[in-house]
Each structure stands twice: as structure tokens, then as C-alpha cells.
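*Asks:* In case you want the letters, here they are:
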Amino acid sequence: MRKTLASSLALIVGFGATQALAEWPERPITMIVPYNPGGTTDILARRAADAISAAVGQPVVVENRPGAGGVVGATQAAQAEGDGYTIFFGNNATQVVQPLINPAVSYDPQADFVGVATVADAASFLAVNGDLPVTNVEEFVSWLGENDATYGTAGVGSMGQFTAEMFLLATETDATHIPYQGSNNAMAAVMSGEIDFMADPVAATQAGDSHLRIIAALTADRHPNLPDMPTAREQGVDMAIEGWFGVWAPDGTDPAYLQAMSAPLADLVASDDYREQVLRMGILPIYRDPAATDAAVNAMMVDFAEIRDAAGITIE
Amino acid sequence: MIENLMLGFEVAFSASTLFYCFLGVSIGMFIGVLPGVGPLAAISMLLPLTYYTTPTNALVMLAGIYYGAQYGGSVASILLRLPGTASSAVVCLDGYEMTRKGRAGAALFLSAVASFIGGSIGIILMAAFAPALAEFALRFGSQEYFMLMVLGLVAASTLSEGSAVKGLAMVIFGLVLGIVGLDTISGTMRFTYGEMQLVDGISLVASAMGLFGLSEILVNIGKGDRAVSAYKVTMRSMIPTRQELRDCWPAIWRGSAIGSFFGALPGTGSTIASFFSYAVERKVARNAKTMGQGAVEGVAGPEAANNSAAQTAFIPTLTLGVPGDAVMALMLGAMIVHGVQPGAAMLNDTPEVFWGLIASFWIGNLILVIFNIPLIGLWVSLLRIPYRWLYPAIVVLIVIGTYSVNLSVFDVYQLLAFGVLGWLLRILAFPTAPLVLGIVLGPMIEENFRRSLMLSRGEYTTFLDRPISLILFLATLAIIGAQVVLPLWRRWQARAEA
Chain L
19 MRKTLASSLA
29 LIVGFGATQA
39 LAEWPERPIT
49 MIVPYNPGGT
59 TDILARRAAD
69 AISAAVGQPV
79 VVENRPGAGG
89 VVGATQAAQA
99 EGDGYTIFFG
109 NNATQVVQPL
119 INPAVSYDPQ
129 ADFVGVATVA
139 DAASFLAVNG
149 DLPVTNVEEF
159 VSWLGENDAT
169 YGTAGVGSMG
179 QFTAEMFLLA
189 TETDATHIPY
199 QGSNNAMAAV
209 MSGEIDFMAD
219 PVAATQAGDS
229 HLRIIAALTA
239 DRHPNLPDMP
249 TAREQGVDMA
259 IEGWFGVWAP
269 DGTDPAYLQA
279 MSAPLADLVA
289 SDDYREQVLR
299 MGILPIYRDP
309 AATDAAVNAM
319 MVDFAEIRDA
329 AGITIE
Chain F
662 MIENLMLGFE
672 VAFSASTLFY
682 CFLGVSIGMF
692 IGVLPGVGPL
702 AAISMLLPLT
712 YYTTPTNALV
722 MLAGIYYGAQ
732 YGGSVASILL
742 RLPGTASSAV
752 VCLDGYEMTR
762 KGRAGAALFL
772 SAVASFIGGS
782 IGIILMAAFA
792 PALAEFALRF
802 GSQEYFMLMV
812 LGLVAASTLS
822 EGSAVKGLAM
832 VIFGLVLGIV
842 GLDTISGTMR
852 FTYGEMQLVD
862 GISLVASAMG
872 LFGLSEILVN
882 IGKGDRAVSA
892 YKVTMRSMIP
902 TRQELRDCWP
912 AIWRGSAIGS
922 FFGALPGTGS
932 TIASFFSYAV
942 ERKVARNAKT
952 MGQGAVEGVA
962 GPEAANNSAA
972 QTAFIPTLTL
982 GVPGDAVMAL
992 MLGAMIVHGV
1002 QPGAAMLNDT
1012 PEVFWGLIAS
1022 FWIGNLILVI
1032 FNIPLIGLWV
1042 SLLRIPYRWL
1052 YPAIVVLIVI
1062 GTYSVNLSVF
1072 DVYQLLAFGV
1082 LGWLLRILAF
1092 PTAPLVLGIV
1102 LGPMIEENFR
1112 RSLMLSRGEY
1122 TTFLDRPISL
1132 ILFLATLAII
1142 GAQVVLPLWR
1152 RWQARAEA
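Quick note, the sequences are listed as chains L and F, same order. Note that the first sequence covers residues 19 to 334 in this note's numbering. Note that the second sequence covers residues 662 to 1159 in this note's numbering.
FRET-style restraints, in silico, Cβ to Cβ:
id: 1; chain 1: L; residue 1: 324; chain 2: F; residue 2: 1138; range: 48 to 54 Å
id: 2; chain 1: F; residue 1: 852; chain 2: L; residue 2: 101; range: 35 to 41 Å
id: 3; chain 1: L; residue 1: 324; chain 2: F; residue 2: 667; range: 56 to 62 Å
id: 4; chain 1: F; residue 1: 667; chain 2: L; residue 2: 157; range: 42 to 48 Å
Footprint (simulated), chain L over chain F, 3 or more residues, beta carbon under 8 Å:
id: 5; region: 705-714
id: 6; region: 838-847
id: 7; region: 858-872
id: 8; region: 996-1003
It should be emphasised that the hints constitute simulated quantities derived from the structure, not laboratory data. Glycine residues also receive a C-beta, built at the ideal position from the N, C-alpha and C atoms.
Can you build the whole structure from these sequences, using the hints too?
*Replies:* Shown next as C-alpha cells:
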């Protein structure tokens, strides 16, 4: 909170900012990406890096530091100097979920990072095996009440587990968590009927397939790719969840730099070509400014801590 | 199907697609030859460049890299005991022995032919039965995967020559090493000692390269250069004898069948396929007795297997939208970025992409085999380089290759540790192949076993209730019977007669 206040104050004062901006950046900026090249996060990171680079007039060099679900790269970024020459492309796994559930995480996402911007939101869907006698949330909830159901995720503490548990808490139902190696394997298991359902963005890739039936969008609004699919809220279950992707900087980075990097990202997210690309990947183009990015982290920290405690999600 | 294939070849033979196919397989072969640098790194680096071409061309090229790497992967395995890709690790065993006997050229030739036939069979199966095979693959649940892995482990206890007890010990050691890392089922960190780099487990690339490649270099240090230059590299040594051809023919068919099967399952892939094929050859090949000492079947079988698996791996990816491994996940991502939606609808919505890909696979395989055979002379002449020059260069390449997988210096330390371990094991005459297999299979066996029990709520009979799982279980029993009980009974009988 204090950080947000400080950054807004700096913006209002403005004077110090212009002075600092005159000298920065005088050399390339490193952007740490905590996943392998070619994946969703990496593709988005490279678009963001190009946009920042074009605006500040220095190359933004992407450095992939994969490992431990993003924790390896995030740890490295958290330890970097807040001098505006190291930035981090993270998501809600590195900024909220891992720090909440994994005691081995050594950084504090709220104290060690400041938000620059978000550039996209992941949109989850609730999907059941195609043979289940269920076509909407209401039928599904009553089916859950009568059956010992199982749901699959990409592992303990994955976004899919938090999303499913959030749904189960909201509907006061129960199901057994079955972890898999990655979302795709969990999806294959839903399709084959080994498990009953999942709550994951990957389900959207099977829209219209007979093995898997999507029964709700779990976002606040309907997804532009599946405009006929009502949200859970529309179907009477009060829950919505979004995972975001965005840029953070190590704590201590000059607020003027944050603003200088955030502005071109706002333009990027508004551009047609970017919107078209991310929508094709099933992701929503959504921008948050530095203050809103910090606020999103803080809010999810509170919400997810509740789910974690209620569902007992933890890594030891 | 003929009509569809015509459409496919029409797409694949267009000048630009042909060019991208050629480009893809050339890059793939090259990175396959380089130790450690796998298709994953190459595809992820080239993915952004493909945004500027059509979806078909992009996918043709990326796919070419994938299966091209399987061709190239065996070159370094055969010549230098360096697995270019994890799936060609097992080819080191007999391929390198053939090189030591002066048959490097023949081994490379047979490997190219086996790869071509294996790849072609995979493609034919894909063209004819892709949707049916995908439905079949979906029937493999956790129980089936578990039983399949057990069958593999039992078969693999014969993976190496020499003491069976030592082989078994190495398998178990490998399984134990496979425990390291985050446990998928419970979310517990095991044996990571707070080291974040160990959360994802022991690096397969680092362990295979260390145990096979680096240990070979360590063993040869101090042996002098003469041993190397003594290898005869004559024109004659490049052509397989009629006997060699005849022997490896059935191995190629068996390898292709095994590879096609494992490739089509999303939970397994070319590495497991090649190990299985090798284990099968040890039992049924004509030269089973000389396996491990340079038997042609030990090269031809696994090579056919990993190439057919590389083709059929596209079946679940394209027809179900379910990728089997990290490379396939990347391919799937590439398709989506290009606006091609994989899944059951792909055959109807974008038939030109599906059939164009299939046709291009075959053209790519043809290019690779035509390309490879003249290159054999060049590869073999690498052996003329004295080891004092060759070895330092190889060490540099191995280190770069290992680093490139995760851009991690920690993986390089793992490589060095496994190199030293491999060297010690070889001095003590412990086989290293079962160790690698244990590391590959360990996490999968455990995960599927525990998941099966979670799903059945603790009922062990779940493994026998399901037909496919039951068949696999009976096959495992049969192998144990043939391998353990039969020899014991024979020995007992012989003793009784005496």
C-alpha cells in the first residue's frame, strides 16, 4: 500500500522523474523469463520486451531461467538490483501461488517486487468428461452431490487446483484432487474418463469435441472466443478467477522507470495485432498500470490464502 | 485416403513447402548430431521466426526439426558413444562397439536405412489409422501406463550383458535417483536439500551424456592416440555385408512396430520406445548372444523404433490436441498461434494442413536418407582426428549442449558428476544403460502407480480389473517365467540328471 502511495506521489511530483529518465536507460535491459522459450509466458514476454525496447530506445534482452515452476527465475529477479536494468516477466504462479504454498520460496513477492504492468489474463473454463450426464453448472452441482467425483490438475498447488477448489467451496461440494504432470495430461484423463472434471484454460482447446464438455467460463465476463458459453456467475455460482501475466521490477526501482515501461505496454495491449494473437491463444488482452498490478497481487494473496487454508493446499 | 494423400502431396510438393521441409530436416539433423542440443531448444528458438510464413510451412519445418533430430542423434552415439538425443542413448551400446571393430560406416548406413523404414511405417499408420489410434491411446489410463512401465523394467533387466545382479542393481539405483525432486502426487520435495534446481528432478540429458559420453572420454584418457587411428576407414567398411543386412531386417520391423505403439501413446515417447526395442532384440535377435559387442540388431531395432515413434507422436497431438511431451506441446502451441486448431475437427476443418504435414513427413524422411548416406564418409572421417584434438572439442560441445537445455549451470555440474560416476561404474564393470532407464522410468512408474491407487481408493485389484492392464500384467509374468523360472528349472533338471 505504502509502495503504491509512494509511486503515485512520485508521479505527481514528476520533477525527479524527468531528471532520472534523462540518464536511463544507457545500456540494455535484461528481462528474466522464468520458463522455457516457446511457451505461453515466453511468447507474451517477447512481445512485451519488444514494446518496451521500442519505447525506451535500448534493447530489452530476454533471458530464460526455467525451473521449479518459475521459482528459479523469480528468485534470481528478486535478488537483482532495483536499478531499472533488470525486469521480470512473471505471472500469478510466481507472484502469488508459489510464495503462498511453497516454504522453500525465499522471496516475498509483495516486498521484493513492484508491478510494472499486466499484459494478459488467462481465462479458465470448467470442463467435464463428455459422457457425464451434465450440461450446465446447476446439473453439475447436483451431480457432485450424488457422486464421488475426481478432478485433475497440473500438480499440487497449480492454478487448476486453486480454481477447482474455489468452485467447490463456492458450491459447497466435494471432489478428490488427482494431480498429473501438466495440464495436457490432466485434460487427456478427463477426455478418457479416468477423472470427471477440470478447471483450466487448456479446456478451451477442446471446445466442440465429444470427449470433453465445457460447462462454464470461470471468468467475470464471457470469453470472446466462446461467446455462447455462460459464466459461472450467470449460472448462479458466485465465483470468478483470472490468472495474469505481466512485468515486475525488483523493489527499489525508480517509479519513473516503472511508468516509462508501463506506458508502451498499455499501447501494446490496445493494438489490434496483439489482441488478435493473444485471443488466438485463448488469453485475454488486459492491461493494468503499476498501481493496479500491485493491487491485483495483494488481492489475490488474500483470496488464495483463504482457499489454501480451506482446501489444505501445500508443498513440503 | 488416396484422395487425401494426393491433396497432401500437392501441398507438400509446392516449392515453398518443399523448401521449409528441407530446411527443417537439415537443421534437425544438424542439432541431432550435436551432443545434448535437442529438438526442444531448436524448435523454441525458431518458433518466433515461423510467424512470417504460412501455418503449413511453419509446421512442416518445425516437425522436420523434430524427426530430423532423431536421424542425427545416432551419429554421435555410433561414432563417439555420445548420445545426441536421449532417445539414441541405447544405440551407443552396439553402435559404438561396431565403430571399435571398424564397422562405423556400416552402422551409420544401417541406422539411416532403419530410420527411414521406421519413419515410413509410422507415417503409413498415421495416414491410415490416426483417429482410431488416438481413440486407442485414450484407453491407456494410469493403470495401463504403470503396467507398461513394469513390463519395460522387467524386460530391461536384460538390457546389458554381464552380471544380471549388477544390471538389476543399476536399475534400482536409477529408480532411486528418479525420486529426487518434487513429488507430483503429494507435492513433497524429496532429496532436494533446498536446492531449487533439483525440484524438477535429475536432468535426463545431463545424466545420459555424463554416463555414456563423458565417462567414455574419462576412460580413454591416458590410453594414448593409437587406439583411435587404428580404426580402418575404408570404402568397404561403409557397406553392410549381406549377412548384416539379413540379420537386421527383422529387427527393423520389430523396432518399427514397438516405436509406432509407444509414439502413439501420449504418456510415452521415443526414448522409452528405443529402450524397449533394444530389450526385445536382446531376447529374440539372431545375434542375441553378441548384443552389446557390436550386433547390428542393437543399432537397427532402436533406430527404427525412435524414428517411427517420432512420427506417431503426432497422432495424439494432431487428432486429440493432446501433446505427449514438451516438444509436442511446443508444436501444439505453434499450431494455435498460427490459427490451426488441432483435435478431431482438424481433419475436416484444415485437411490441407493435416495431409500436407503427413506428406511432408515422408518427403522429409526421404530427404534425410538421401542426405545421410553420402554424409557417412564425412562422419566416419571424423574418427581420423586424433583424440587429443577431438576430445577437448567434444567436452566443450557436451557442456554447451547440456547448458542449452535449461540454460542452467547447475545442469553442467550434474553432467560432470554423472561423468565421474559413469567412469567409476565402468571401472567396477557395472552397466550404465539400466541406470539411465531407471532414471527415465522411475518417476513415471511411481506417479502412475500411486495415481491408480488414488483413483481406485486403495484397491490393488484395479490393475487386474482392466483388460489392457491385465494383458500387460500377464505378459510381465510370462517374461519373468521365461527369464527366471525356466533357467532355474533347467539347472535343477540338469543337476537331477547328474
